[in-house]
Structures are given as structure tokens and as C-alpha cells.
Amino acid sequence: MSRASTKLDSKKVNSELFTLTYGALVAQLLKDYENVEDVNKQLERMGYNMGIRLIEDFLARTGSGRCYDFRDTAEKIQTGFKIFLGITPTITNWSAAGDEFSLCFEANPLTEFVELPDHCLNLKYCNILIGILRGACEMVQMEIACWFVQDQLKNDSTNELRVKFIKRLEDAIPAGED
Amino acid sequence: MVIYGVYIVSKSGGLIFNHDHNVPRIENEKTFNYPLDIKLSYENKKIVVSFGQKDGINVGHVLTAVNGNVVIGRELENGKDVFELLEQPDSFPLSLKFSRARMTTNEKIFLASMFYPLFAIASQLSPEPRCSGIEILEADTFRLHCYQTLTGIKFIVVAESSQSGIEILLKRVYELYGDYVLKNPFYSLEMPIRCELFETNLQTLLENVEKSGTGSV
Numbered sequence: 008m009s010r011a012s013t014k015l016d017s018k019k020v021n022s023e024l025f026t027l028t029y030g031a032l033v034a035q036l037l038k039d040y041e042n043v044e045d046v047n048k049q050l051e052r053m054g055y056n057m058g059i060r061l062i063e064d065f066l067a068r069t070g071s072g073r074c075y076d077f078r079d080t081a082e083k084i085q086t087g088f089k090i091f092l093g094i095t096p097t098i099t100n101w102s103a104a105g106d107e108f109s110l111c112f113e114a115n116p117l118t119e120f121v122e123l124p125d126h127c128l129n130l131k132y133c134n135i136l137i138g139i140l141r142g143a144c145e146m147v148q149m150e151i152a153c154w155f156v157q158d159q160l161k162n163d164s165t166n167e168l169r170v171k172f173i174k175r176l177e178d179a180i181p182a183g184e185d
Numbered sequence: 003m004v005i006y007g008v009y010i011v012s013k014s015g016g017l018i019f020n021h022d023h024n025v026p027r028i029e030n031e032k033t034f035n036y037p038l039d040i041k042l043s044y045e046n047k048k049i050v051v052s053f054g055q056k057d058g059i060n061v062g063h064v065l066t067a068v069n070g071n072v073v074i075g076r077e078l079e080n081g082k083d084v085f086e087l088l089e090q091p092d093s094f095p096l097s098l099k100f101s102r103a104r105m106t107t108n109e110k111i112f113l114a115s116m117f118y119p120l121f122a123i124a125s126q127l128s129p130e131p132r133c134s135g136i137e138i139l140e141a142d143t144f145r146l147h148c149y150q151t152l153t154g155i156k157f158i159v160v161a162e163s164s165q166s167g168i169e170i171l172l173k174r175v176y177e178l179y180g181d182y183v184l185k186n187p188f189y190s191l192e193m194p195i196r197c198e199l200f201e202t203n204l205q206t207l208l209e210n211v212e213k214s215g216t217g218s219v
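Taken in order, these protein sequences are the chains called A and B.
According to this note's numbering, the stretch in the first sequence is residues 8 to 185, in order.
According to this note's numbering, the stretch in the second sequence is residues 3 to 219, in order.
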């Protein structure tokens, strides 16, 4: 996806293929674990492992610098959504301390053809996103927590992803920046 | 325009990748008569020219072969000690082959882990806060360029001093790393990089930069 392989860029992968592959993954996990809570956990873990690798791709492509303010981070996460999922969430609901914000988006490429069956209403279908965000931020020495407050799959009107800043991982900051 | 090599140092300071790109290979073979008119000494498990440079054989070059027989340590393949051989007048004339010393993988790992604290010291010595650490290290025969990513990985390119546009090259190498190393599901983080696709793409990139500059990448 870098400039070295622009051939790939010109014919971007169809988002439906992505949606279906992710659906297959979740369905398989449900089969393997049977317990919805375990599936949620697995999805988060997988996302985390993706995040710690994906961040390098993001940094290499955007050339963005370090964030010294959570508002910067919010904008960069927004860019990330645009690059990797093709959607631009809106940043809203800042907390007074400026350490918490929400990402709201209507269209969610992960859930395009999905309806949750009755026996897995507790399933956090998009939990992989949470893992990805957490992993990616951890690699740039920031600990965050995030969760879905609204989910269209649970009959909310929109998707709202809440992101909270916890702390900077001071020991992990590379030499020359601390 | 020559790029000598690319190194990648992990967040914890270990060498995870090195690629020798274009290191000129210097080799000289010459026939000598008794007595030998250059001084040899045994250092670091190699026989090194210590004094008396001539005909392209410089101080610091390593003896690699005697009459076509490879030298291992201070002995020939058949177990004969090279220094003893050189002291016997009747073994002459001898054809000795010298070449520039090449770094072993161990030495590279050693140097890479030495660069890590140097980088950290440089950033601490800085009179101004928030110093980036060593970005360029210049010597009379080469220039070392280092780019540290926000995640702490260092990309190092050693090139000829006149080579320009290395900053852009370093960013491209980072992109290749993001693509061919991290998206490789069989690569585990912080481990040495053994990804053929990465290496071939890197090779192409370096050749392009050498040939036509960074405008093309």
C-alpha cells in the first residue's frame, strides 16, 4: 500500500470482500468459543495485534509527527479511519478535561450485512476496532481505553466509539524525545 | 552516488536487519620474495598488514590466501601456520592475496548495539531540550543517516557523503518495512527480519536511488 506498490492502490480492495471476511472470522470465533464473552475478548486481542503493526503503516504513509495533545490524537485517529476503512467519523462530545472524546459514524463497513441473532446480543461485533486503537496508540507510547457507547447493531441510531486517554507510557518513549 | 548499506535497529537496540548494498570489494594478489617487505601481525583472529603499504595493499588489509590456499585464522587449510611459512626462505616466492577486512555478522550486531547508547547520549548532551539524537554522522569516507520512528525503530543508511536525498530514502524504507515486514503474518515483532520480499524490494529501491536519485521513488 505504500508508494512502492502503487499498483495495489489503484484497484482498492472492495469493501464487501472485507466485510464478508470479517463476518466469517466472527462467525468462526462464535463457533469455536460458544461463549460470547470469550469471543469479545478474542476479537480485542486480535485487534491489538493488528494495531501494533498497523501503526507503522499509518506513520510511514502519513508521515505524521508525535501528538502532544489529545486533540491531535483524535484527528489522527480520524485520518486512520479514513485511510483504512474509508469512512470519516465525526469527533464530538469532548469531556471537560479534554481526555475523552467520541467518534461518531453512520456507515460502518464492518457491519454492512449484519444482524445480530438473539443468542448473542452481548456480542461486541466491532470489538476488533477497539483492540486496533489500543494497540496502535500503545506503540506511540500512549495508553488509551475505548468502548462502544452506541451501536447500530443494538438498535442505536448511530455508532459512537468513546476514546479515553489514560496515561503516557513514559518508560517506553524512545531516546531523544523524553 | 553509492549506498553502502542499510541497517534496522529495534526499539530495544538489537540489530534486526542489515543489508550490504554496494561495498567495493578490494582484492590484491602479488608475488613476494624473501624476505617479505611488509609487516604482518595477528589481530582479532586475522592476519593484518600492520606496516609497509604498497601496490594497493594498505595497512589494515587482511591476508586471505597464500598461493591460492585460503587462510583461516593464522593457519592454512592444511593446518600449517602462516607465520612459520613466511619465515622459511625456501618457501618463496609466495603469492599472497590481501583484501579489505569485512565485518562479520557478529561485529555488525556489536556495532549496532553500540550505536544505540551513542544515540541516547547525543540526545542527552544536547544544550536544548527535545533533541532528536544523531541524525547524520559524518566521516571523510561516508555519511551515516539515521531516522528514528515514533515507535522507536531506527533505520540507518550508510552512504557516500555526496549522496543526496537520503531522508526520503529512509522514509521509503520505513514504508517497505510497514508493508513487507509487519504485514507478513509469520514475522514476530522485534525479531530479526528474514523476509525475502522485503529484501528484494529494498534492493530495487536502493538501485533506483543510486541510478536516478530520489526523484523517482
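Mixed in with the good hints there might be a few duds.
Stated by the list, open to error - No more than 25 Å apart at the CA atoms, straight line, and that leaves these computed lysine-lysine pairs for DSS-like: (1) K99(B) with K83(A); (2) K89(A) with K185(B); (3) K185(B) with K19(A); (4) K32(B) with K83(A); (5) K174(A) with K13(B).
Please keep in mind that the hints were generated in silico from the structure rather than gathered at the bench.
From a predicted model like this one, the values you see are computed outputs, not experimental measurements.
Results of checking the hints against the structure:
1. K99(B) with K83(A): 58 Å, violated
2. K89(A) with K185(B): The hint holds at about 19 Å.
3. K185(B) with K19(A): Holds, at roughly 17 Å.
4. K32(B) with K83(A): 63 Å, violated
5. K174(A) with K13(B): 20 Å, holds
Checked against the numbered hints above, the structure violates hints 1 and 4; every other hint is satisfied.
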